[in-house]
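Chemist: Below are the chains, spelled out letter by letter.
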Amino acid sequence: KNEVEQSPQNLTAQEGEFITINCSYSVGISALHWLQQHPGGGIVSLFMLSSGKKKHGRLIATINIQEKHSSLHITASHPRDSAVYICAVRASGTYKYIFGTGTRLKVLA
Amino acid sequence: KAGVTQTPRYLIKTRGQQVTLSCSPISGHRSVSWYQQTPGQGLQFLFEYFSETQRNKGNFPGRFSGRQFSNSRSEMNVSTLELGDSALYLCASRTGMGPETQYFGPGTRLLVL
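Those protein sequences? They're chains A and B, same order as listed. Sequential numbering from 3 applies to the first sequence in the working numbering. Sequential numbering from 747 applies to the second sequence in the working numbering.
Same shape as in the complex, but just chain B (with noise of 0.2 Å):
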């Protein structure tokens, strides 16, 4: 089975524009969940969704969206950018049946200048 892929790996923006991220879960999983990582703060939770919903969001402003096609797809957008949006992106795949291991892509690398 194919792991968890996301693109682009590297980004470069400039403040004040957006982006826009893309993650492909193993096949079969329905739960697509988003983290940032900044060496400040570590890891932290952004969203999760099933099957085309968002099932819980974490604490992070509202230029920060996502949404989940009904492939199981998921992009995650962010608007306005900040230089603190800064970050690698993390998304992670499960079936989304209950407590499960989830298998992480390897991440898109976000730079904003």
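So that you can see chain A by itself, here it is in the shape it has in the complex (with noise of 0.2 Å):
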């Protein structure tokens, strides 16, 4: 089993939909990263959480330390938000990132 899993792998959702991404971690982290990746590989970092909720524009971040769960939301949802989707967290005590496979995301107008 993987040590940080993410769900679904794959989503299709119409213009203007409420998408919520999940990242379940099995390790202590000292944070969790969400990163989106566009087609041609550049990497974005969005957001870096150890407790609670971030916001930054339409995308917003909670974590669940207890639960070991984090989400991410995009409120009306836009075709250029179609990318992957990566959840990735950094263990405790190392210097370790370790990454979920990521949730590719496709937004149709």
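Watch out, some of these pointers could steer you wrong.
[Said to hold, decoys possible] Pairs of lysine-lysine, DSS-like flavour, derived with a Cα cap of 30 Å:
#, chain 1, residue 1, chain 2, residue 2
1, A, K70, B, K803
2, A, K55, A, K108
3, A, K70, A, K55
4, A, K108, A, K56
5, B, K803, A, K98
6, A, K70, A, K98
7, B, K759, A, K98
8, A, K57, A, K98
9, A, K70, A, K57
Rather than coming from a laboratory, the hints here were simulated on the basis of the structure. Only a predicted model underlies this, so the values are computations on that prediction, with no experimental measurement involved.
From these two lone chains plus the hints, build me the complex, please.
Modeler: Have a look at this one:
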């Protein structure tokens, strides 16, 4: 079993829909990151969380440390949100990052 | 501030050769991490350097090595290339002081024939 699990693996949505991507992890962490990767490979860091909730524009990320679970929400989705979203955790006591396998999102106009 | 840069962007090598990839971090960042991304395994951590010292290492064979220079630029070397080393190699930089956002470079796409 992977130490970081994401769901769903693939997601197709209509423009304007509310989208949720989930991430569960089994290790102790010092931080959790949500990353966005567009075709062509470039990765952008969206959020870094160690507790609670963060919001940036139409994106919201939450984390529940006790349940070892995080969610990334996209409100009013748009075709330009189409990308792979990757959850990554920084394991406690080490500097290692462990990545989920990613969620491939496609938003249709 | 200039972002993280990686050179070369694309590379084709043959089995048995070696390759060196370069990463220049954001000015002021002392930590550089390297990652391998393949369709089958996804993103995997290779190693992290901080102030010229390897701070951590992932589960890769000894053919994968790296170093960091006093100006924080980092190089990654893969010796005796195998077909399975074909991947996108990404580096990311940060200041290195505690949990913080990483800034990724555009990657080097390596194809081993």
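Chemist: Run every hint past the structure and note whether it holds.
Modeler: Comparing the hints with the structure gives:
1. A:K70 with B:K803: Roughly 24 Å separates the two Cα atoms, so the pair holds.
2. A:K55 with A:K108: holds (25 Å)
3. A:K70 with A:K55: holds (14 Å)
4. A:K108 with A:K56: Satisfied, since the Cα-Cα distance of roughly 23 Å is no more than 30 Å.
5. B:K803 with A:K98: Given pair B:K803, A:K98 holds - Cα atoms ~8 Å apart, limit 30 Å.
6. A:K70 with A:K98: holds (17 Å)
7. B:K759 with A:K98: The given pair, whose Cα atoms are some 29 Å apart, holds under the 30 Å limit.
8. A:K57 with A:K98: It holds: about 26 Å lies between the C-alpha atoms, which stays within 30 Å.
9. A:K70 with A:K57: Holds. A:K70 to A:K57 sits at ~20 Å (cutoff 30 Å).
In this structure, none of the earlier numbered hints is contradicted; all agree with it.
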